[in-house]
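**Q** Listed here are the chains, written in short residue letters.
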Amino acid sequence: MTLNDTLIEAKNLKMYFPVLRGVLRRKVADVKAVDGVSFKIKRGETLGLVGETGCGKTTTGRCILRLYRPTEGQILFEGHDISKLPERRIRPRRLRMSLIFQDPFDSLDPRQSAGNIVGEPLKVHHVVNNNREYRARVEELFRMVGLDLSMRNRVPHEFSGGQRQRIGVARALACSPSFIVCDEPISALDVSIQAQIINLLQELQTRLKGLTYLFIAHDLSIVRHISDRVAVMYLGRIVELTDSLTLYENPLHPYTRALLSAVPIPNPFVEEKRERIILKGEVPSPLYPPDGCHFHPRCPMAVPECSQVVPPLRDIGGGHEVACIRL
Amino acid sequence: MTFLLKVDNLKTRFKTELGLVKAVDGVSYYMREGEIIGLVGESGCGKSVSQLSVLQLIPTPPGEIVDGEVVFEGCDLLKFSANSPEMRSIRGGKIAMIFQEPMTSLNPVLTIGQQLTEMMESHLNMNREAATKQAIELLNRVSMPEAARRIAAYPHQLSGGMRQRVMIAMALSCNPKILIADEPTTAVDVTTQAQLLELMREMVVHFNTSLMIVTHNLGVVARYAQRLYIMYAGRIVESGTTKDIFANPRHPYTIGLLASVPRLDEPRGRKLVPIDGLPPTLINMPPTCAFLPRCAYRVEKCQHEPWPELKLTDGQHYTSCYVDTREK
Amino acid sequence: MIREGAVPAGVMEVPPPQSEVRRIAKVFFSRKVAVVGLIIVVAWVLAAIFAPHFTPYEPYKSDLDNALLQPSREHLLGTDLIGRDTLTRIIYGSRIAFMICGLAVGSAALIGSALGLVAAYYGGILNMVIMRLVDALMSIPMIVKALLIAALLGGGITSIVLAIGFVLTSVYARLMHGVALSVKERDYVTAARATGAGNLRIMLYHILPNSIAPLMVQMTLQLGFALLIEAAMSFLGVGMSPPAAAWGSMISTGYEFLISRPILCLAPGLAIMSLVFGFNMIGDGLRDALDPRLRGTL
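Residue numbers (my numbering), protein chains in the order written: chain A, 1 to 327; chain B, 1001 to 1328; chain C, 2001 to 2298.
One chain only, chain A, in its complex shape (with noise of 0.2 Å):
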């Protein structure tokens, strides 16, 4: 196992929901929630994922650990294409790889107490061979995450959302897996609790050499702090893909620029200075995307050929990945 090699790659990802009406449950329509998309992941590395509603990101993430099927396209696990495997297949690869939730609340099974959510992928998978190793186990992922070890048969209803949150946390961790995908892990939580969990996050990766993760969130000041690379999405397409550094001194796309430009940055000093640009309309259905470029019906950039062609997510030079005609 070496680090920086390709953990994960997604070759022209596609899914799409079919949407069914009347009795005979006839397919209308799709909702093309990923469009195309393709990225690498390399061990160790952190992979932001941001974007608005209905950009895909969530799907995106879900696909990538084989909770639905794609449509088209490829899902590259440690080399091997998982993206048409049937699940019997996909199961003993499962415990490499897990995801965090962004509901705190929903997302442990409320009949259960901590230490048995924290230990189910471990009896799942048969990683352990006694009872006495389990318990040291579920032991040992609680202290990884900083949680009391006399809460271990507490039911969920009796923690705060960001112990939950630590509670998923520990649970990813159980089978020691090399890639986590966090789900807008810490978008239900106070502000002031929110440090706590995406500390805890980066420490774990310092701590277990080689952790990978798929940060999707929508907060780009977060997402910009953990990243190593980042890509944009919009209407289930990458529009942007580059290091962290890069994206935000240097974002290319007119989406990314608008995006960076609506996020408020707690300094009023600079607030005043700032350039401000202001999309025009909303973001359409993912029923009904707009031809070529998604996104040219609101770009100040847009030419009549935009609505033609689909662009192609170019590297324009450094590992700079760029999805415009016009650049």
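In case anyone wonders, no lab produced these hints; they're calculated from the structure. Heads up, a few of these hints could be off.
What the hints assert, rightly or not - 25 Å max Cα-Cα, derived DSS-like pairs, lysine-lysine: (1) A:Lys14 / A:Lys40; (2) B:Lys1243 / B:Lys1271; (3) A:Lys209 / A:Lys280; (4) B:Lys1079 / B:Lys1015; (5) B:Lys1011 / B:Lys1094; (6) B:Lys1094 / B:Lys1006; (7) B:Lys1271 / A:Lys42; (8) C:Lys2184 / A:Lys27; (9) B:Lys1094 / B:Lys1079; (10) A:Lys14 / A:Lys42; (11) B:Lys1133 / B:Lys1094; (12) A:Lys209 / A:Lys42; (13) A:Lys273 / B:Lys1243; (14) B:Lys1271 / A:Lys209; (15) B:Lys1006 / B:Lys1311; (16) B:Lys1015 / C:Lys2184; (17) C:Lys2184 / A:Lys84; (18) A:Lys14 / A:Lys27; (19) A:Lys209 / A:Lys273; (20) A:Lys123 / C:Lys2184; (21) B:Lys1177 / B:Lys1271.
What the hints assert, rightly or not - Here are the computed distance ranges between Cβ atoms for each label pair: (22) B:Thr1104 / A:Arg26: 51 to 61 Å; (23) B:Pro1267 / A:Gly79: 30 to 40 Å; (24) A:Arg88 / C:Asp2135: 53 to 63 Å.
Keep in mind that this is a model prediction, so the values were computed, not measured. Glycine included, C-beta positions come from ideal geometry on N, C-alpha and C.
Fit chains B and C to the known structure of chain A by using the hints.
**A** Positioned in the frame of chain A, the structure of chains B and C alone reads:
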């Protein structure tokens, strides 16, 4: 100077199974005409309850406004009962509120046109025709695409951003003096958030309305608010101009908040410093400072003395803390 | 390592946890009617268990010399056509009542929930087939269903249990199906799938325990219902046949003496009524107590 609104020592309590919750525990603030004020705090700090108390929208079996004055245009609103004709004409008429979740604050069985005209008919005594024309005008003003057609739409047929615009249109329909926006940005995307806030700011400038933004987002108030009130556990712990508070935060909670959020204007690697512990439950609180268990600046005095009053530090900057945090 | 904070985790934000069982019990016992219902049912349960100790007579021994006696000090409820003490038979009848109701409801709940759960979980064609079948069965009047099964299987306790169970199954299938469908969408079920848990594990460990509450309420309510069906069946002659001391068949045999010895019908009738009432009140109390509003955080 005359204030448009002056709230003095407002206290609102809730009786619950587990004890008395002092949701708002002596909150005072003021608003002048044409100002944009920010009320900042996390969930459970009492900021929404304080605004609902101003409008007397607190459900009164468990809740009760037990003390304080709410002086609006020279008149104490708490003198009137919640259902009095005076309060009803103030709500929506002089003081309007926009809520966080537009789906639940819009009536799902009425078209947005009906909801708009209803407000204008009752507050401004307009007839149906005039109100409808005005409604379309308002929708245009809030950049609602195809306003004349959309006026016959039902809330569920609109997107989240559009519903928020309807709420803004409704709130502004009767030319209120004060607009209260309760977490206006939480349920919408960043780009829509930017649109809506710009819109509200334009409305403020255009109509000379005052705007109160209730939020937990420090960036939003940095961008829009002129003055800030920071709330914690039912009280205001720091107040002053936005620039002053961000340049020289005094209260340990404010300092903690600023240190714990990542920002685009600082170098990427800055370590986030979280605030230890958890926000309090507000049930049966001790008389000492509510932030004490989480405070990095605490001293011996804080353990014995009651929660400090707001004290002037400089200019208009007030803070409620015994410690001079500049020294650390 | 990151500590949760200066204060021990859990102290500040969440109040001391009240055990969920205690909370449910508290609500339940605050409803007077539920408590009354509980007392009634417990009384009958004790009667059923300790029947031989309470009863001075044999329920099945005939004593023609003492036939059709009026209620007296020796026979508190009189005797029936062949001299058996009515009170004794009523008390022994509770055993049959509980056995039949318990088995019928239990098996209906088991099979019905299994069907509903599997249908909801797998979806697709399986779901359609199972649920349409359930719908079709529900459209047949229940007496017809009961009579059909009883007739097919002959008399006796097994056939009655199966007949009543058959009638009740659809309700559980429908109920479980509805609840399971919504539970299936919860994040914690997705989490279990992401962990790699198998279908069976997800259904039994995650979906079932979280879907059971409404079922429990339904079960207690249906106990009374099952008893009524049994009584009707026995009355119609397809249930427990004499000499069994089943309340329904006691009404049936006592029917011809309705005018002369009304107690022969009245006693079993009141017994049925009281037990059904007890079950229903417990069911109502349980429904209130298990109300999801009261579960969960402050």
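**Q** For each hint, tell me whether it holds in the structure or not.
**A** Okay, the hints, checked on the actual structure:
{"no.": "1", "hint": "A:Lys14 / A:Lys40", "in the structure": "15 Å, holds"}
{"no.": "2", "hint": "B:Lys1243 / B:Lys1271", "in the structure": "24 Å, holds"}
{"no.": "3", "hint": "A:Lys209 / A:Lys280", "in the structure": "45 Å, violated"}
{"no.": "4", "hint": "B:Lys1079 / B:Lys1015", "in the structure": "22 Å, holds"}
{"no.": "5", "hint": "B:Lys1011 / B:Lys1094", "in the structure": "22 Å, holds"}
{"no.": "6", "hint": "B:Lys1094 / B:Lys1006", "in the structure": "15 Å, holds"}
{"no.": "7", "hint": "B:Lys1271 / A:Lys42", "in the structure": "24 Å, holds"}
{"no.": "8", "hint": "C:Lys2184 / A:Lys27", "in the structure": "23 Å, holds"}
{"no.": "9", "hint": "B:Lys1094 / B:Lys1079", "in the structure": "17 Å, holds"}
{"no.": "10", "hint": "A:Lys14 / A:Lys42", "in the structure": "21 Å, holds"}
{"no.": "11", "hint": "B:Lys1133 / B:Lys1094", "in the structure": "21 Å, holds"}
{"no.": "12", "hint": "A:Lys209 / A:Lys42", "in the structure": "13 Å, holds"}
{"no.": "13", "hint": "A:Lys273 / B:Lys1243", "in the structure": "13 Å, holds"}
{"no.": "14", "hint": "B:Lys1271 / A:Lys209", "in the structure": "20 Å, holds"}
{"no.": "15", "hint": "B:Lys1006 / B:Lys1311", "in the structure": "18 Å, holds"}
{"no.": "16", "hint": "B:Lys1015 / C:Lys2184", "in the structure": "37 Å, violated"}
{"no.": "17", "hint": "C:Lys2184 / A:Lys84", "in the structure": "24 Å, holds"}
{"no.": "18", "hint": "A:Lys14 / A:Lys27", "in the structure": "18 Å, holds"}
{"no.": "19", "hint": "A:Lys209 / A:Lys273", "in the structure": "42 Å, violated"}
{"no.": "20", "hint": "A:Lys123 / C:Lys2184", "in the structure": "21 Å, holds"}
{"no.": "21", "hint": "B:Lys1177 / B:Lys1271", "in the structure": "43 Å, violated"}
{"no.": "22", "hint": "B:Thr1104 / A:Arg26: 51 to 61 Å", "in the structure": "34 Å, violated"}
{"no.": "23", "hint": "B:Pro1267 / A:Gly79: 30 to 40 Å", "in the structure": "36 Å, holds"}
{"no.": "24", "hint": "A:Arg88 / C:Asp2135: 53 to 63 Å", "in the structure": "33 Å, violated"}
In terms of the numbered hints stated before, the structure departs from hints 3, 16, 19, 21, 22, 24, listed from lowest to highest.
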